[in-house]
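Chemist: Single-letter residue listing:
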Amino acid sequence: MLVSTIIVYIGFALLALNKNRHLQQVWPSRELHDDVRLALDTIGWLLLAVAVVYQVYSSGFGNGLVEYTAVLSLSGLLLVFQFSYWPRSVLAIGLFENAIGKLSPVSNK
Amino acid sequence: MKNGFRQSMAWLHTWTGLVVGWVLFFVFVTGNLGRFDTEIDQWMKPEVIPQAVPLAQEISAAQQRLTQRGAGAERWTIYPATNRDTPYLRITWDTEVKPGQALKRGEEFIDPSTAAPLDTRATGGGQLLYKMHYALAYMPRSVSNWIIGICSMFMLVAIVSGVITHKKIFTDFFTFRPNKGQRSWLDLHAVLAVLTLPFFFMITYTGLLFFLSTLVPGIVGANYGFGEKNRQQFNDELAAREYRLERAETQVPLVSLNQITAEAERRWGEGQVRSVEIHYPGDQHAQAIVTRQIISPLRSTEELVFNATNGELITEQPATTAAPRTFYETVQGLHESLFAGWWLRWLYFFSGLAGVAIIGSGLILWIVKRRPKQLKQAEGPDFGHRLVEGLNVGTIAGLHTAIAAYFLANRLLPVDLPARNEWEVHVMFIVWLIALLHPVVRPINRAWIEQLWVASAAFLLLPFVNAITTGRDLFQSLQQGDWVFAGFDLVAIATAILFAIAAVKLQQREQQQINAPVKTKVNRVAQEANA
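Heads up: the sequence lines are chains A and B, in that order. My numbering puts the first residue of the first sequence at 7, with every later residue one more than the last. My numbering puts the first residue of the second sequence at 3, with every later residue one more than the last.
Just so you know, these hints were derived from the structure itself, not from any lab. Be a bit skeptical, because a hint or two may be false.
[Said to hold, decoys possible] Short derived list, chain A residues pointing at chain B, Cβ under 7 Å:
1. Ile49
2. Val62
3. Ser64
4. Gly68
5. Glu73
6. Thr75
7. Ala76
8. Leu80
9. Pro93
10. Leu97
[Stated by the list, open to error] Residues from chain A that keep clear of chain B, each with C-beta distances beyond 10 Å, as calculated:
11. Val9
12. Lys25
13. Val42
14. Ala45
15. Tyr60
16. Asn69
17. Phe87
[Stated by the list, open to error] Pairs of lysine-lysine, DSS-like flavour, derived with a Cα cap of 30 Å:
18. B:Lys169 / A:Lys25
19. A:Lys25 / B:Lys100
20. A:Lys25 / B:Lys182
All of these numbers come straight from a predicted model, not from anything done at the bench. Note that CB positions come from ideal geometry on N, CA and C, so glycine has one too.
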């Protein structure tokens, strides 16, 4: 379950950063290029899908779905409270700060 | 009722949630503790530490004890200590009191080395606390079934109408804005509900299904007739129990049950026997049904049916036979989470805590939304408003104090007190009653602060009282890897810290209100003049 927790967490983090409110909690006064938005969205949803396949594959259909649901709630709530109380830590746990910084033409407002 | 679909749903959500909110809060808190019912059992019976003994020894002891206690019973059941749900060998026997009526159940925990009942203090344990979430207390099941059934129905309505009312599920998916008053309460209420919605919906819907035969008895009754015997026939047919026999009314002694469980272990592997059920023990048609460990949400398991007078295998039953039964057993299994290992069990627990917080924040929101208008009234807040506020304090803080009192009573009541296990419950409900009455005599802000501190103190007291009365303190438990006791102490301390934080926050807010100049018209004019 730890593996799928990490996958779901990163997937959720990408989807959240795609929203201006949360992006600016982490990087005040920055905006993302449309291509990057599409990439975040695609990769985010893809990771959520990968996690469910992984969990069903490793724990069986019934148990896998239950565990996946629990993992969704846990990762989501963790992110919610990180964004509210310690936004920079979202990036500290995810390893994608650099990746996003280099791949994307981030423009200052 | 308001015009417009969403407004109507908002109205429905507000009022269905409010009227049953406090009962549901109780149900969620006690039910959620039930995720660790057998761990709490062990904490509440500190004299007996579970020991691993061979299955054969447990079965022999159980059979010996049941022969004494359960003579003439319709059914015996043996639960050997082979899984987390059964820390101690347990036996039950069901006896017919009157034909056609529900059987009367006897129950004992057995010491496998002496075949005598466990020598421990009389306590309801975690089981009783968990049973309160569907049976409540001080009332027969026929009443509590209806109360909980109706409350669950309201809950389901509140969930569906709540989802419809929530306008920005995806935009606000990760949003919580702290320190913004009503906005923060609404955010918290919504974000917890959205992120745990699958759990929240599942637990309510499946909880409701437990009361199927109470709430809609006609579904079975129309085809099978009413009463216990007809319901049993329906269950037997659903589970395809064609092997089942009537009593032969000829006495034949039971075979040694060890022989039967040994055969089951040979087929399934060691440690796979979950329970052994004996129908008509002592009769010529006695049958023994062995069930297997639960490893998935599907609650029913494979069964081996033996002739209990000669130990021959009659049939092997698959885990389930009919699609409706598979559905029913799966949703009930999801609710009970008997299959869940440690990691998943804790996630169930945290989802349940989120449920507690959703109900609590909903009750508080009702007040926060109406408070400004109520405070402006010349004669003060209405009776209804004060009632809701009082019930909130007495339930959200007070119920927790009452539960801590239940645990403290387990440690502090004299061991030889008559009806000791009942007094544990009395202590819990007396404390809760006091907590509910306390806001009547105190200003509401003070009532909150005082009760939050009391709850915090009560939980902080638990590890100390436990250490003094049992000698099993936190450091020792941690060193010995005794996670049942260490976990209990740590959760108690964490709960105490949470209540203390809430109390401090409320005190700070009270202080700010005292320091801030009153916003009267005169003051405002004076301030503007100064500026």
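Chemist: Of the numbered hints stated earlier in the document, which are not met by this structure?
Modeler: Of the numbered hints given earlier, those the structure breaks are 1, 2, 3, 9, 10, 12, 16, 17 and 19, listed in rising order.
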